[in-house]
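**Student:** Residue numbers (the working numbering), protein chains in the order written: chain A, 1 to 338; chain B, 1 to 454.
Treat the hints with care, as some may be off.
Claimed, not checked - If you want the ones that stay clear, here's a sample from chain A, every Cβ over 10 Å from chain B, calculated:
| # | residue |
| --- | --- |
| 1 | S17 |
| 2 | D29 |
| 3 | R61 |
| 4 | A96 |
| 5 | Q115 |
| 6 | H128 |
| 7 | A136 |
| 8 | G150 |
| 9 | L169 |
| 10 | P227 |
| 11 | I262 |
| 12 | R266 |
| 13 | V298 |
Unchecked claim - Chain B stretches covered by chain A per the calculated footprint, using a threshold of three residues with CB under 8 Å from any CB of chain A:
| # | region |
| --- | --- |
| 14 | 94–108 |
| 15 | 185–198 |
| 16 | 305–319 |
Said to hold, decoys possible - Label pairs and their in silico Cβ distance ranges:
| # | chain 1 | residue 1 | chain 2 | residue 2 | range |
| --- | --- | --- | --- | --- | --- |
| 17 | B | E241 | A | T210 | 22 to 32 Å |
| 18 | A | D109 | B | R189 | 25 to 35 Å |
| 19 | A | W20 | B | R285 | 33 to 43 Å |
| 20 | B | T326 | A | V54 | 30 to 40 Å |
| 21 | A | T210 | B | F162 | 29 to 39 Å |
| 22 | A | W214 | B | P390 | 28 to 38 Å |
| 23 | A | H22 | B | R249 | 29 to 39 Å |
| 24 | A | D109 | B | G147 | 41 to 51 Å |
| 25 | A | E255 | B | V424 | 53 to 63 Å |
| 26 | A | R283 | B | E301 | 20 to 30 Å |
Treat the hints as calculated values from the structure; they're not laboratory data. Computed from a predicted structure; not experimentally measured. Glycine included, each C-beta is placed from N, C-alpha and C at the ideal position.
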Amino acid sequence: MQKVETTPARRKAGSASVPWPHRHILDLDTFAPQEISLVLDLATSMKEVLGREVKKLPSLRGKTVITCFYEPSTRTRISFETAGKLLSADVINMQATGSSVEKGESLVDTLLTLQATACDVLVLRHPHAGAPYLAARWLGRTSVINAGDGTHAHPTQALLDLFTLREHLGTLEGRTIVIVGDIAHSRVARSNLWGMTKMGMRVVLCAPPTLLPWDLLKGRRETPGHPFASVEVETDLDKALEGADAVMALRLQKERMEAGLIPSLREYIALYQVNERRLLRARPGALVLHPGPMNEGVEISPAVAHGSQSVIQEQVTNGVAVRMALLYLLCMPAGGRP
Amino acid sequence: MRPLLVRGGRVVDPSQGVDATAHVLIREGRVEAVGPSLAPPDEALVLDATGLVVCPGFVDLHTHLREPGEEEKETIATGALAAVKGGFTTVCAMPNTQPPIDTPALVEAVRRRGEAVGLARVLPLGCISKGRQGRELAELADLAQAGVVGFSDDGAPVANAFLMRTALHYSTLIGLPIINHLEEPALARGVAHEGWVASRLGLPGVPPQAEESMASRDIALCALTGGRLHLAHISTAGTVEVVRRAKERGLPVTAEATPHHLCLTDAWLLGEHGEGSPFAPLSARAYDTACKVNPPLRSAEHRDALQQALREGVIDAIATDHAPHTAVDKMGTFAEAAFGISGLETAFALCYTALVVQGGLPFRRLVEALTIGPARVLGERGKGLGSLRPGAWGDLVLLNLAERWTVDPDRFASKGKNTPLAGVTLQGRVVGTVVGGRVVYDARTAAPAGGGSL
Ligand SMILES: [Zn+2]
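With these hints in hand, go ahead and build the complete structure from the sequences.
**Tutor:** Below is the structure:
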């Protein structure tokens, strides 16, 4: 597949004047389009570093990054740890599993402990929506990065998706992406909705009605100022894919079936699996994304997952670059950009 | 006890259609007279109420006092003090304590404790089912004998339709209301009103239909059995509609709504006191657990329907659903935080500000919903409450309608500091409370008074 050549130097020049107002990365709703572009530009430079023989930058020497995961996610945790280490930060991994997590006050207790250690960045993954907001309220100096909170948001994943799309499509504005699957319960899809609409993408959501976030979309055309006014909904995947530049399949959690939101896996596969036959409806060479981990053979066919249009492995690499960019932006005082 | 003359206030008593400057004379714990020119008996204690409004003491049908079992959240003493500070001279104590109030001995214990505290009248409610388990009917007649004023498994709904049918049917023997917490469990697996805000925050939602469907079921069972049905803390436009139709059919159905459901919306979860633009980026104040309550704060259309229903009398009573919790109970994430708002001390001012000053509700209607409205729900057992008719209990409240004050939960008498209104400025203040002819709260001393001046 062809990548559109970008010129990092020009981009950097273009965005160097964008002020960086964020102390925390909680979700993309607070991001202006230029700020998203700034992150993607910086991530482009970081990705160059990843290709070098000596990959380490000294930028975050003396800074401490704590990753605190109340939910297992090797992929995201490793990605943040790698990003922090490549920038020479001290990365501490706090294992927050087991029975102490069950108690309501445990998160606040942990936050108070963190407060005392004077860490610079807290990367928090939590099964409850809003946990990073609680952290942001409690922590005085520490920047909080939301690494996924319940069914609310996963902004760094959305940024790496945008990065991957921009890298291949050259520009995001006017491009069409189909997000298919359990959108209602997907924090990745939710953060992407904010990010993609802000960047002017045409977003088509495709899912059975029980897995669509209707309340997020209700009244989007009639309500003035609705952030998702342009979002389209299509329950027929064949139709949704017509002419798309990219398709993102979402993981189907087994719980959704157990909760009775879909009648069977067999029926879901028949209606919503991204497979080779369906992909033919999209624009030739359309990109295939998946936030992982995949259920191959369920939401995505193995042939598509590993096919020539898949950028799923690249998303992982890009995740490191994007997280490097974010750690850098949060830790470096304004003006000290590379 | 010395007689009490409350002099020169604007007496507003909807039970007898009074709204005029008058004196109120209380003797032997009962109202003796209300009139423009009452001479104080020689030994009478005189309270000057000039410039104040004098109303019958407020009656709260729905108060969680947490004793026995959860005294760290509230005790009957702290709850009763919070009540009189809020103008409530009578509180109906919800029986979802630990253990739940399902035997005459426990009813007796709560009643005695309330009497010993000697502030608000504490009227116990009894459980509908044994152990509040929702399986077998509690001994309703025995509980009635012991003095309960109604029955409720509140905290949880009576999910089993057959049990609800039986409770309503059996209670016709006694004539006390069955008070149901309306929530169809299979639909109510969330922590916030199902809508834009919950979806935005990624919180599981509770659709209004979870309440409306159970209200419909209960009304059908009420029609079947003839039992008296009282619907607790209704929160949706759909429930208002089914209650309206039930009343039109003449069924013995009454309903209450809380100050927070009448005045606030789910937009308060966003942490900006309901004032942020709905589409604005979330700030770190979002996920305000002080706003987590069951049923959830609903959207503006539901709040508006409740206000309309209150105006029209479809809603009979304002009840606080005072649900005190410790700071730790509210400290975690939104999903973990306990449900409930500490409501006794802000109820009047919130309703006065939002409903009367800003919403144009006639003041008289607000007073009615806090006094004779709830008293009527209690039927025989509410007799003498919520009124200043001669012979009624000598319970009254003095209000300064002009005073503006800022809610500071640290100054609550309740142990529950959990309120979304912290820092909000309200208008209308309870400045004095009299129970049975005795001054039990005086804002000038900010403490229960033994019968001093105002
Ligand atoms: Zn309840």
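**Student:** What are the numbers of the hints the structure violates, in ascending order?
**Tutor:** Per hint list: 2, 6, 7, 8, 10, 14, 16, 19, 20, 22, 23, 25, 26 violated.
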